[in-house]
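Novice: First to last, the sequence lines map onto chains A and B. Each residue of the first sequence is one higher than the one before, starting from 1 at the first, in the numbering used here. Each residue of the second sequence is one higher than the one before, starting from 1 at the first, in the numbering used here.
Heads up, some of the hints might be wrong.
Since the list gives no way to pick out one identical chain from another, each pair is judged satisfied if it fits inside one copy or across any two copies.
As the list claims (entries may be wrong) - Listed next, the in silico DSSO-like pairs over lysine-lysine satisfying Cα-Cα at most 30 Å (straight line): (1) Lys61 to Lys206; (2) Lys204 to Lys67; (3) Lys46 to Lys334; (4) Lys399 to Lys206; (5) Lys393 to Lys310; (6) Lys334 to Lys399; (7) Lys363 to Lys392; (8) Lys322 to Lys392; (9) Lys40 to Lys414; (10) Lys392 to Lys407; (11) Lys407 to Lys230; (12) Lys41 to Lys363; (13) Lys42 to Lys363; (14) Lys30 to Lys407.
Think of the hints as simulated: they come from the structure by calculation, not from any bench.
Protein chains: 2
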Amino acid sequence: MEHYYQPEIECASREQIRAWQDERLVKTVKRVYENVEFYKKKMDEKGIRPEDIRSADDLCKLPFLTKDDLRDAYPYGLLARPLSDCVRIQSTSGTTGRRVVAFYTQNDIDLWEDCCARAIAAAGGTTEDVVHVCYGYGLFTGGPGLNGGSHKIGSLTLPMSSGNTERQIQFMCDLGSTILCCTPSYAAYLAESVWERGLQNQIKLKAGIFGAEAWTEEMRRDIEEKLGIKAYDIYGLTEISGPGVSFECSAQTGMHINEDHFIAEVIDPKTGEVLPDGEKGELVFTSITKEAFPLIRYRTRDICILSHEKCSCGRTHVKMTKPLGRSDDMLIVKGVNVFPSQIETVLLNQGYPANYQIIVGRKNNSDTIEVQVEMTQEMFSDNAGVVAEREKKLVDALKAMLGIYVKVSLVNPKTIARSEGKAVRVIDQRNLYQN
Amino acid sequence: MEHYYQPEIECASREQIRAWQDERLVKTVKRVYENVEFYKKKMDEKGIRPEDIRSADDLCKLPFLTKDDLRDAYPYGLLARPLSDCVRIQSTSGTTGRRVVAFYTQNDIDLWEDCCARAIAAAGGTTEDVVHVCYGYGLFTGGPGLNGGSHKIGSLTLPMSSGNTERQIQFMCDLGSTILCCTPSYAAYLAESVWERGLQNQIKLKAGIFGAEAWTEEMRRDIEEKLGIKAYDIYGLTEISGPGVSFECSAQTGMHINEDHFIAEVIDPKTGEVLPDGEKGELVFTSITKEAFPLIRYRTRDICILSHEKCSCGRTHVKMTKPLGRSDDMLIVKGVNVFPSQIETVLLNQGYPANYQIIVGRKNNSDTIEVQVEMTQEMFSDNAGVVAEREKKLVDALKAMLGIYVKVSLVNPKTIARSEGKAVRVIDQRNLYQN
């Protein structure tokens, strides 16, 4: 039997959803135009007045918003309500430059938690469940989002936070956790750890809600088998609220977007043109209920396909595929956003030429990343000790920039292949995005 | 001007407070007797029936509860409501043996957050404030408690969690944090870091709420001066709910106990006899509003003095001194509970004799701990390398047991002084508890 948290919304007619979106979009655009200098300026530049937006059909007239806009507006530039009305800040982990900071009124948090509650209900969550949350807490949205959703359901919430696998497994056994929330790679690691300890019969998990990074169908099957659960995908962005922007239902064929709060579009990343259902393009979100930090046509850079096909779960909200890639060059490695430009900056700062290659792989369901860097003729050395020392220095500098361990291999001059066109900087061997 | 969160409660007449306590205690005792096998058994053994408890005057008839009782009842033995009514678990950091796990209904969390909101209001918190919480989140009660209290006030909450001092200071400057919540030693460290960077004029802090470990008046003055704030103490126990069981007001002369939720007693730790106001003894709490996990006469092992003297802040609830010591041998080092018996266990397991001394100190406002261990005649070595290797092995084993770094010094046989009576195992040079 399918569980819902707000069936009257989750299974509303398309007409009803459309009516909500029309009404809320018109109000949101009026509100941001009147309250946020940034939006007023952008709309004025394009010659668009709030009155021009009369329904969701007019959404395509509005300008896009990018992550750079958010960084430039840091910290208070996009705030649509006075600070005294805001009760929470969350933030991306942004390891370099300015972070993205998102603001929430109490009502914004309330609606965000509703979205997470829908995801937990879709995974079978009821007041009888023990929801084990090992996403990080604090500024990261994973922990607080799922924690809040679990409270809405009335499940018993275990705010485990991340790390300490021994304790995770001990509590899982002792307290009878039934729904696990974490990244898919940590789920895979926990599954292995449970088997290594021979505890697979002592856990009572029935479902998992895994997001914040890309994962394959193979990985899903592996986790499902090892933990004896059904594994559900979840998607979200701190900028847009956090996890729960969309979530998987029992059909496990894409994630329903909470369309009463967010309007989704898929665009051609080059032209900005809106693409029809079934076509692959960049996902764009407009929030239509957020008070403190409403975003209009926010370009996620995630490549997706939307589908309005009837779903066996009974939900009527549009489905999105897992992200099938990125429209920028960002990599997500071990859950951390990595831009090749960040790596290049470190190399140049340390006096290396820009001849390098980034190789991303996956070992035991965990990401690996290596940078091969050419030494110049001048710095060339065949003394292993000298090379090892230089490599260590680069490892430390990359750790400081990215927050994760990157393997570094210094290679001999002229050994990295030159291409005639754009250099192939990144080799991603993970096949996360195969479709 | 003094700020209150619930003035009608915080400044209620003594008669009103007494009336609440009488009524709620009677109901609580009846409830636990009927719902918790553990309490029924303990009361039956003492020949006490729920009807014998007719007011708070009868509290002294009830048996005590200890931390060992809680450990024995792990995980579900003291639960007074079905699991399906519970929405949260929090836990002590308990590094050895069974942890203490506390359960909450939504109403329990609501009242706990009220207590924290009173503490934030007492520190001047309003909807205009930015409350910077760098207590840990997750199972630890510090983060979620103050976070929830800040939401109740309607302040803007920054859920920073612990660690990453660079980021703490960056957000503090960028977002204009006004109230800092963390351990006093982390506050001292942050203060130093702010000065080292010359950022003291870029922070807008006005107050701090510092708890979870003992701190001196000198430390308070140091933090207040360096950060330009007023520093408030806060007290709590996970078992009893978390931070906010009591909190300091503008008078800064002890912490008001939230007497509408908790009845406090001070007893002679040897005889169990209740002591009058002004006398030093062990603090005992009875929760009178908790639904999921009510504790009756819980012995905190903290040595305190209670005072009903009129307070200049206008609050009428009884005040407790900072803990002035412990009635057991537990040390709190770097916020972690350390029992000398844990250290002894490690030494014996590694083949050392029980001739050792634990020296606890404080350097730059941060705790230090060293164990001096006698080598036996057989294991004696004057080879520095061999000794260093053995010391490192002990450091690792102690880290695994306690979770913190303990300096180890192996000393020559017969160099630790023998006393004729009870061995002096612990030398605490911190003077945290001077009165």
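Novice: Now, for every hint given, state plainly whether the structure supports it.
Specialist: Verification of the hints:
1. Lys61 to Lys206: neither (46 Å within a copy, 46 Å between copies)
2. Lys204 to Lys67: This pair counts as between: shortest inter-copy Cα distance 28 Å, intra-copy 41 Å.
3. Lys46 to Lys334: Answer is neither: 40 Å inside a copy and 58 Å across each miss the 30 Å cutoff.
4. Lys399 to Lys206: For Lys399 and Lys206, the Cα distance exceeds 30 Å both inside one copy (37 Å) and across copies (35 Å).
5. Lys393 to Lys310: neither (55 Å within a copy, 63 Å between copies)
6. Lys334 to Lys399: both (13 Å within a copy, 27 Å between copies)
7. Lys363 to Lys392: within (22 Å within a copy, 32 Å between copies)
8. Lys322 to Lys392: neither (37 Å within a copy, 48 Å between copies)
9. Lys40 to Lys414: neither (52 Å within a copy, 81 Å between copies)
10. Lys392 to Lys407: both (9 Å within a copy, 28 Å between copies)
11. Lys407 to Lys230: neither (34 Å within a copy, 47 Å between copies)
12. Lys41 to Lys363: Answer is neither: 48 Å inside a copy and 54 Å across each miss the 30 Å cutoff.
13. Lys42 to Lys363: neither (46 Å within a copy, 55 Å between copies)
14. Lys30 to Lys407: Answer is neither; intra-copy 50 Å and inter-copy 63 Å both fail.
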